[in-house]
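J.: Read off the chains here:
Protein chains: 2
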Amino acid sequence: MSQPAQPNPTAAIIVIGDEILSGRTKDKNIGWLAEQLGAMGITLHEARIIPDIKQVIIDTVLDLSARCDLVFTSGGIGPTHDDITTDAIAAAFGKQVIRHPEAEAVLQKHYQNTDLEFNAARQKMADIPKDATLIDNPLSAAPGFILENVHVLPGVPSILQAMFEGLASRLPGGVVMTRITVQCATGEGTIATILANVQAAHNGISIGSYPWFKPGNFGTAVVISGLDEAVAEQAAEAVATAVKATGADAFIVAAGDTA
Amino acid sequence: MSQPAQPNPTAAIIVIGDEILSGRTKDKNIGWLAEQLGAMGITLHEARIIPDIKQVIIDTVLDLSARCDLVFTSGGIGPTHDDITTDAIAAAFGKQVIRHPEAEAVLQKHYQNTDLEFNAARQKMADIPKDATLIDNPLSAAPGFILENVHVLPGVPSILQAMFEGLASRLPGGVVMTRITVQCATGEGTIATILANVQAAHNGISIGSYPWFKPGNFGTAVVISGLDEAVAEQAAEAVATAVKATGADAFIVAAGDTA
Chain A
0 MSQPAQPNPT
10 AAIIVIGDEI
20 LSGRTKDKNI
30 GWLAEQLGAM
40 GITLHEARII
50 PDIKQVIIDT
60 VLDLSARCDL
70 VFTSGGIGPT
80 HDDITTDAIA
90 AAFGKQVIRH
100 PEAEAVLQKH
110 YQNTDLEFNA
120 ARQKMADIPK
130 DATLIDNPLS
140 AAPGFILENV
150 HVLPGVPSIL
160 QAMFEGLASR
170 LPGGVVMTRI
180 TVQCATGEGT
190 IATILANVQA
200 AHNGISIGSY
210 PWFKPGNFGT
220 AVVISGLDEA
230 VAEQAAEAVA
240 TAVKATGADA
250 FIVAAGDTA
Chain B
0 MSQPAQPNPT
10 AAIIVIGDEI
20 LSGRTKDKNI
30 GWLAEQLGAM
40 GITLHEARII
50 PDIKQVIIDT
60 VLDLSARCDL
70 VFTSGGIGPT
80 HDDITTDAIA
90 AAFGKQVIRH
100 PEAEAVLQKH
110 YQNTDLEFNA
120 ARQKMADIPK
130 DATLIDNPLS
140 AAPGFILENV
150 HVLPGVPSIL
160 QAMFEGLASR
170 LPGGVVMTRI
180 TVQCATGEGT
190 IATILANVQA
200 AHNGISIGSY
210 PWFKPGNFGT
220 AVVISGLDEA
230 VAEQAAEAVA
240 TAVKATGADA
250 FIVAAGDTA
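Chains A and B are the protein sequences, given in the same order.
Following numbering that gives the first Met the number 0 from start to finish, the first sequence increments by one per residue and tops out at 258.
Following numbering that gives the first Met the number 0 from start to finish, the second sequence increments by one per residue and tops out at 258.
No lab work stands behind these hints, which were simulated from the structure alone.
From the three backbone atoms N, C-alpha and C, an ideal C-beta is built for every residue, glycine too.
Hints should not be assumed to be uniformly reliable.
As the list claims (entries may be wrong) - No farther apart than 25 Å at their CA atoms in a straight line, the calculated lysine-lysine pairs in the BS3-like style are these: (1) B/Lys25 <-> B/Lys213; (2) B/Lys129 <-> A/Lys213; (3) A/Lys213 <-> B/Lys108; (4) B/Lys25 <-> A/Lys27; (5) A/Lys243 <-> B/Lys213; (6) A/Lys25 <-> B/Lys53; (7) B/Lys53 <-> B/Lys129; (8) B/Lys213 <-> A/Lys213; (9) A/Lys94 <-> A/Lys123; (10) A/Lys25 <-> B/Lys108; (11) B/Lys94 <-> A/Lys27; (12) B/Lys243 <-> A/Lys213; (13) B/Lys25 <-> A/Lys213.
What the hints assert, rightly or not - Covered by chain B, per the in silico footprint, the following chain A stretches (three or more residues, Cβ under 8 Å): (14) 22 to 29; (15) 44 to 50; (16) 185 to 192; (17) 197 to 210; (18) 216 to 226.
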């Protein structure tokens with residue numbers, strides 16, 4: 000008996016930090032996480048960058064937590080006064096913040112091996128919402144946590160990435176999308192009707208078109224994505240055939256590429 | 000009697016595009032716009048990346064348009080079937096989409112100079128919500144628009160940046176700068192030294208350069224900005240004269256344009 004098709008899990012990313020909104024720091028976490036989630040077959044539905052304001056964090060987390068299967072936050076879990084993510088997420092779900100014994104032990108051990116004092120500010124990083132599950136931090140010890148469907152990660156890209164690597168295998172994976180690129184030696188506007196027709200004729204695929212220009216040359220990369228590999232391949236063939244019929248060159252560069 | 004202090008205007012950015020959420024394309028517009036707005040004294044309150052889904056665009060635009068003084072969107076205004084931003088924003092404000100005569104004339108003229116047909120798909124880029132104000136596109140002609148407090152820009156970073164340069168001095172909180180464009184029929188790398196020399200020789204101006212390519216043709220739009228109109232005009236003349244001395248055509252397209 001065949002299983003009913005499960006839709007892919009959905010996700011949202013919330014980047015928390017005034018320094019991103021001011022333009023001083025450029026966010027690198029959305030693009031990186033988007034790529035990881037895509038490769039795992041998890042559909043990223045939305046990403047938001049919000050300020051370090053407790054009520055904004057609470058509202059945003061509750062909104063996206065209700066609408067997506069998984070939420071990932073980045074930023075605001077360090078030792079300083081402006082790190083308010085933990086408090087805000089605990090408040091969002093009506094949980095107390097407790098000094099977490101396991102987190103405290105890990106941090107204590109970490110600071111014993113350094114010249115740094117495990118002072119009150121650093122101890123704050125062991126404060127975790129009650130009932131949360133810790134996310135291991137292989138780089139700098141201070142853990143993240145999971146509360147409900149919200150996965151709380153730090154803002155520093157290298158630490159976020161190392162922590163996500165350990166987290167990834169716990170996440171529900173979807174079916175990885177098949178993505179096929181058809182390189183077309185013609186302008187986007189010339190093949191717009193072809194793309195609309197091919198998309199309409201093939202169920203469950205979506206077609207994006209990305210024009211590119213360089214001196215003396217131009218073209219359009221057409222990306223066909225879909226859960227059903229065979230249908231995506233048929234759609235790619237249909238695009239290539241129809242574009243060639245206009246007199247322009249077209250070739251499939253990544254048939255069967257599921258990355 | 001002194002005026003009461005005005006709080007800084009607030010802004011939100013909405014990046015519209017499945018290709019950003021899938022991780023295939025990394026967003027560059029949020030960081031760039033955040034920096035520009037910050038330098039102008041406009042407070043960026045939130046940035047969102049959302050999918051190409053009409054109802055999501057409508058809901059997001061209405062939400063942020065009500066909560067912020069200024070909204071900027073990026074993406075989804077090209078010629079293909081997945082470019083639905085214009086329709087969605089018109090629908091959000093209960094406006095019809097009309098074939099805009101000025102936009103149509105600009106596009107028609109643009110495509111006359113190319114091998115590309117001004118076909119139905121490309122004509123779609125002249126469709127603008129009723130009562131919207133056009134935003135000039137010095138690179139690829141297809142205009143953006145302003146409807147209510149929403150500023151609709153394309154997704155390609157170089158085009159978005161060139162269009163924002165022209166828009167910036169119209170925004171509240173922005174210092175009113177003189178901006179002059181010099182269109183140069185040559186590559187950016189060829190005139191880099193000229194631009195550096197002209198900038199060094201003229202106090203208080205800054206020079207941006209935006210290379211553009213179309214089939215069989217390419218050039219560089221040089222944008223000179225400064226608080227002192229006379230100095231900006233001298234710098235524009237200096238750029239045009241020096242570029243012409245290399246044998247390439249150059250002409251000032253917007254002397255004294257403070258828009």
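J.: Given the hinted pair lysine 243 of chain B and lysine 213 of chain A, is their alpha-carbon gap at most 25 Å?
T.: It holds: about 24 Å lies between the C-alpha atoms, which stays within 25 Å.
J.: Using C-beta distances, would you say chain B covers the region 216 to 226 of chain A, given that this needs three or more residues below 8 Å?
T.: Contact hint for the region 216 to 226 of chain A vs chain B: holds, 3 residues under 8 Å.
J.: How about the region 22 to 29 of chain A: do at least three of its residues have a C-beta closer than 8 Å to a C-beta of chain B?
T.: Per the Cβ count (5), the hint holds.
J.: Could you grab the alpha-carbon distance between lysine 25 of chain A and lysine 53 of chain B and see if it respects the 25 Å cut-off?
T.: The hint is violated at about 28 Å.
J.: Just to be careful, I want the Cα atoms of lysine 243 of chain A and lysine 213 of chain B compared with a cutoff of 25 Å; is the pair within it?
T.: 21 Å, holds
J.: What's the verdict on lysine 213 of chain B and lysine 213 of chain A, does the C-alpha distance respect the 25 Å limit or exceed it?
T.: At roughly 8 Å apart (the allowed maximum being 25 Å), lysine 213 of chain A and lysine 213 of chain B satisfy the hint.
J.: Is it true that the CA of lysine 53 of chain B sits at most 25 Å from the CA of lysine 129 of chain B?
T.: 18 Å, holds
J.: Straight-line Cα separation of lysine 25 of chain A and lysine 108 of chain B no greater than 25 Å?
T.: 38 Å, violated
J.: Holds or violated: lysine 94 of chain B and lysine 27 of chain A, Cα atoms, limit 25 Å.
T.: Distance of about 37 Å is beyond 25 Å: violated.
J.: Would you mind confirming whether the straight-line C-alpha gap from lysine 25 of chain B to lysine 213 of chain A stays at or under 25 Å?
T.: At roughly 20 Å apart (the allowed maximum being 25 Å), lysine 213 of chain A and lysine 25 of chain B satisfy the hint.
J.: Is the hinted pair lysine 213 of chain A and lysine 108 of chain B satisfied, with a Cα-Cα distance of at most 25 Å?
T.: 22 Å, holds
J.: How does the coverage statement for the region 197 to 210 of chain A fare against chain B, requiring three or more residues with Cβ below 8 Å from a Cβ of that chain?
T.: holds (count 7)
Comparing the model with each earlier hint shows violations of hints 2, 6, 10 and 11; every other hint is respected.
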